[in-house]
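S.K.: This is what each chain is made of:
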Amino acid sequence: MSAKKKIETVSNKINFYNDEYYINRELSWLQFNSRCLSEAKDKATPLFEKLKFLSITASNLDEFFMVRVASLKDMINAGYKKPDIAGMSPKEQLDKVTEAVHEFQNEQYRVYNHMLLQELADNGIQIVREYDKLNSEEADYIDRYFDDFVYPVLTPMAYDSSRPFPLIRNKTLNIGALVKGKESNEMEFAMVQVPSVLPRIMEIPEVSGVRKIMLLEQIIQRNIRKLFLNYDIVCCYPFRVGRNADLSIDEDEAEDLLKEIEKQLKRRQWGQAIRLEIEKGFDKRLLKILTDELKVEQREIYTIDGPLDLTFLMKMYGIEGFDYLKEHGYNSPAPVIQLPSDRDIFECIREGDILMHHPYESFDPVVRFVEAAASDPAVLAIKQTLYRVSGNSPIIAALAKAADNGKQVSVLVELKARFDEENNIVWAKMLEKAGCHVIYGLKGLKTHSKITLVVRKEEDGIMRYVHLATGNYNDSTAKLYTDVGMFTCAEAYGEDATAVFNMLSGYSEPAVWNKLTLAPLWLKDRVLDLIKREADHARNGEPAHIIAKMNSICHKDVIAALYEASSAGVKIDLIVRGICCLKTGIPGVSENINVRSIVGNFLEHSRIFYFENGGSPEYYASSADWMPRNLERRVEIMFPVENPGLREKLWHILDTELHDNVKAHIMNKEGQYVKVAKRGDLINSQKIFGKEATELSKPKNIAESRVFEPEYRDDHGL
Amino acid sequence: MATDVFAAIDLGSYELEMKIYEMSQKKGVKQIDHVRHRIDLGTETYATGQISAYHMDELIRILTDYNKIMEGYGVTRYQAYATSALRETRDNDTVLELLRQRTGIEIDIISNSEQRFLDYKSVALNNERFFKFLEKPTAIVDVGGGSIQISLFDNDTLVTTQQLRLGVLRLYSTMQHIQPPHSKYPMLVRELVESQLNVFAKMHLKDRKVENVILLDDYVSPVLQRVNLGMDEKSYASARVFVDYIGTLAGKSLTDTAKKLGLAQDNIMLMYVSGLLLSNILSVLNAETIWAPGGTLCDGIAFEYAERKRFLRSSHNFEQDIVACAQNISRRYMGSKSRSETLQTIALNIFDSMKKIHGLTKRDRLLLQICTILHDCGKYISMVNLGDCSYNIIMSTEIIGLSHLERSIVANVVRFNHDDFEYYKDGGYRFHGIDHDAYLTIAKLTAILRIANGLDRTHKQKFKNVKVAVKDKELEITVDTMADISLEKGLFGQRGGFFEQVYGLRPVIRQKRF
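In order, the protein sequence lines correspond to chains C and B. Counting from 1 along the first sequence, just add 117 to a position and that's the residue number in my numbering. Position 461 (the second sequence) corresponds to 450 in my numbering; numbering is contiguous.
Treat the hints with care, since some could be wrong.
[Said to hold, decoys possible] Calculated pairs, DSS-like style, for lysine-lysine (alpha carbon to alpha carbon, straight line, at most 30 Å):
{"#": "1", "chain 1": "C", "residue 1": "K199", "chain 2": "B", "residue 2": "K249"}
{"#": "2", "chain 1": "C", "residue 1": "K649", "chain 2": "B", "residue 2": "K241"}
{"#": "3", "chain 1": "B", "residue 1": "K248", "chain 2": "C", "residue 2": "K550"}
{"#": "4", "chain 1": "C", "residue 1": "K574", "chain 2": "B", "residue 2": "K57"}
{"#": "5", "chain 1": "C", "residue 1": "K560", "chain 2": "B", "residue 2": "K248"}
{"#": "6", "chain 1": "C", "residue 1": "K649", "chain 2": "B", "residue 2": "K248"}
{"#": "7", "chain 1": "C", "residue 1": "K130", "chain 2": "B", "residue 2": "K249"}
{"#": "8", "chain 1": "C", "residue 1": "K130", "chain 2": "B", "residue 2": "K248"}
{"#": "9", "chain 1": "B", "residue 1": "K19", "chain 2": "C", "residue 2": "K574"}
{"#": "10", "chain 1": "B", "residue 1": "K248", "chain 2": "C", "residue 2": "K199"}
{"#": "11", "chain 1": "B", "residue 1": "K15", "chain 2": "C", "residue 2": "K574"}
{"#": "12", "chain 1": "C", "residue 1": "K649", "chain 2": "B", "residue 2": "K223"}
[Said to hold, decoys possible] Label-pair distances were calculated between CB atoms; the ranges are:
{"#": "13", "chain 1": "B", "residue 1": "E60", "chain 2": "C", "residue 2": "V791", "range": "45 to 53 Å"}
{"#": "14", "chain 1": "C", "residue 1": "L532", "chain 2": "B", "residue 2": "K351", "range": "24 to 32 Å"}
{"#": "15", "chain 1": "C", "residue 1": "G732", "chain 2": "B", "residue 2": "R352", "range": "41 to 49 Å"}
No wet-lab data here; the hints were simulated from the structure. We put the CB at the ideal spot given by N, CA and C, even for glycine.
Model the full assembly from the supplied sequences, consistent with the hints where possible.
M.R.: Below, the structure written as structure tokens:
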């Protein structure tokens, strides 16, 4: 690596690429999941929110297995030995990860058993632990439910010399049983999948003043003998298998790995089991059959003290009557004052650039922007990139309508968005039918940028309106993810936006970019340049400060550049929600770097960058994290924010998050995350942003308002 | 609405380019979109004279898309030009018709001289910088795929322009035959281009001094936009520093260079070859400064349209460039300046007084003017075969800004000034490519030129002041002169016959003695 050598020689013999200065990304991700779990432990979190956080950690972990652990397995199978950012071989990584996951899972169930169950009981909810201990009324109800609804959809399967071992699908919950023929003494393996078409949780009609919840697998276990009538049931237990099920290699992996695996395609084991979850007390004989058949190693067996697959807790969140145990301290999205719904949106944008901070400010204007464009007779064309959209998306509907109205509509639909592919294909086809020009992604690259361009023919010529954002055009997630988006009709942005869509349509790059920087061609170098410029300023004794907020940082070149900048005296504040392979507090390397992570009610998703630049600061927002996949294998956009008012707003976001002492964790010298010491006023940045947005959207003076606003009883939307 | 949205399309030999412009009196010309698609037609058509079905499909696909983009901006007018790749395609008529039918876009093929003239006009879109640069003796070096064009300026007027078959794709494909290591490129390129450049210098440069070079090309210009080479402003470079810079590339990895400059990898070899070529040109011209304005043919097309629609007014007179070019050709063949000036005065005088009768355009007037300038160039070869020789000289000399057809008109008019007129039906090879309208133009211009020539039979410029007026069925030419004009009067009838045949007017001379 030539860049590596260069930096080695430049800076006083410190090798900023030294493996010891880096944290393995999988382990760092697990730390992130622990931070999510810590929200479930936090006393200040309302009970039902705790359930939600615990559920999130469980589904996160499932995805982690499917994608990342599977990837490590692939590497090991392919004999790929290249060390990661921290110098660990795939095998070392897998060892460490496995160990950490075991620990993590224990912690999850400790929280579940010792904290949440008790708290639920205090509030009159009981999750049935032993399925055979129901009173007769309850038993009656449950068994009838089994007979009427569950039984018809079950497919019991047996396994013996004449029948092959049944296929156990990835992530499904199953019940394994040992059965014995009524007349023989031989034990056989049998199993049944817990159907995913039925709700996992079942509430038993209240009789004892306690609301009892029973899990579907327990209902089946209770009645399992009805499935194997000619057999005696020796024992039955639920289990769950995680498989290397991802058909494509994770895009995070290096290209040479892809080649390596292609070469060794035959050695790749499709659908290999990489995780077996069993309940504590699982029968040993049963386990032996499973481990033999699934070929899982001992350490891949996770023994669980409690119900498997905690994602059912998300369903619990939805049960009625416990609204008082949910979070209401966060305001719902406030209208954007610059974009009142009774005014022409284009006219508003012409008055000046507008920056929105979602979800504190409503995402509606973005939808309205596309909708207005669809029916505005002056609009000639609409172009948009779509990565993940909600089902039933109003944006899709607006685009289709625009095409119907004779506008030229071009949409780039990213089909490679993880786990979303099928969904995307459906509406992409619908758009095509409506007459839109649909581009189904780019070969070899994921299009992750979020940009919309509306071309309008106005009295004094063509006007281009551009929306640039850090988050997807998804009106559902826009209520949960924090993102920033900017509207502008400045010519320089308009020209660049046009050039972006030309490039996405397969045409050559423009001679120059005015404002935007695009990955994979330019962004990485631009980021490195910005960091290096800051280092130069520091060396010249000028003010030098970088604040960077993003989801993950794990690009070695970028981190090395940050180390170098830090050692040159640049103050660096990173606000990283997820993976961070950078270590703080290494003497001479990263003493000037602080890393904090905010895990809260909303998912921190915006990417905002501040460079002090010797006293003339620059602000950027971007769709890209500082990860190899974003900077090298995706189409991403970074855009500067130049309007002083908007910069102030970005500064306020960064500044408030840097002072957050409620939801922020700080990385200590050991690389562990600890909650910030609460001194002085409690600062929960997400709450503050919400309050501010609501405050701002209120009319300044009630007397000025020409419309009376009736007040309603606040019943939290129920 | 006083705003026009105009699209210019250039179907080049390795790229299909479209630019969209917005034009208005108030704002002038503003580019709003620029789309480029790489398609290597040149290599194919230069070699085979055909465009493969594969490339036709690609052309149809992209042009259809371009049409959509035009719609997306509400384009009201467009102009699509094809250049050398299509010129060298044998069945280009069917190709163009197919493209028209399938994509709805009509494409015209333009000649090299028109193309270069438009390239040159593209620079003029940068009005102020252009004229500032022209204050010093300047050459425009226009590097194309197949050939290059060097045009010399004198006091902001174009004086000469020459095409040399040293296009960058041509050089590059020669190099690919040899497959040298890239450190040898400088030497090989020099050997390939040196002799032609020296001939150019000897013939046209003489002791003319060139300080500034305006570079029109696709590969080196982006480099000048990105690196500072001895000048403060981007897109300018000191010739000396530029030559040094290209010299240093011999020892570097071109891939790294491309990455560093943010240039497309697949263009980097062409950039290198262009750079070496330009280095050689710079040393032959002895230039000091380079400016790469970065305009393309599309800008020239837009400029022309904007000028025609009066969205733009340039202080530079481009017609004067064409005239100056013709004058320079005439000088080369030792034409008489004073004679052609007299001829020009009389001929244009006649042209102007007959506006209502001849129905010719302003452009035809320019052609007439060029005819008068070149009317006797053939005498350089032969005093006897004056008509034929003039025709051949004109046909083989590029006159920048004129299309092939226009050049053909001029050559024929000059020929018929000396030789008998040939009628369309029995026209020989010289009427090749002349359509019916062009034939009529030839006839009309010939009639005028013959009259003018007749008035100056003795080449003594006897007529200082000529007034022309149409009266009934006569064209009355009143001349102020004390000289004896009996020769002119006597021979006038002969020439007047053809004029009468064409215009239905009898030309008569009246002498006014003062």
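S.K.: So, for every hint listed, does it hold in this structure?
M.R.: Evaluated hints:
1. K199/C x K249/B: holds (28 Å)
2. K649/C x K241/B: holds (24 Å)
3. K248/B x K550/C: Since the Cα atoms of K248/B and K550/C sit roughly 41 Å apart, the hinted pair is violated (cutoff 30 Å).
4. K574/C x K57/B: Holds. K574/C to K57/B sits at ~16 Å (cutoff 30 Å).
5. K560/C x K248/B: holds (21 Å)
6. K649/C x K248/B: Holds. K649/C to K248/B sits at ~18 Å (cutoff 30 Å).
7. K130/C x K249/B: holds (25 Å)
8. K130/C x K248/B: holds (27 Å)
9. K19/B x K574/C: Within the cut-off at roughly 14 Å; holds.
10. K248/B x K199/C: Cα-Cα ~26 Å, so holds.
11. K15/B x K574/C: This hinted pair holds, its Cα atoms lying about 16 Å apart.
12. K649/C x K223/B: The hint holds at about 23 Å.
13. E60/B x V791/C: 45 to 53 Å: At 59 Å between Cβs, range violated.
14. L532/C x K351/B: 24 to 32 Å: violated (57 Å)
15. G732/C x R352/B: 41 to 49 Å: violated (60 Å)
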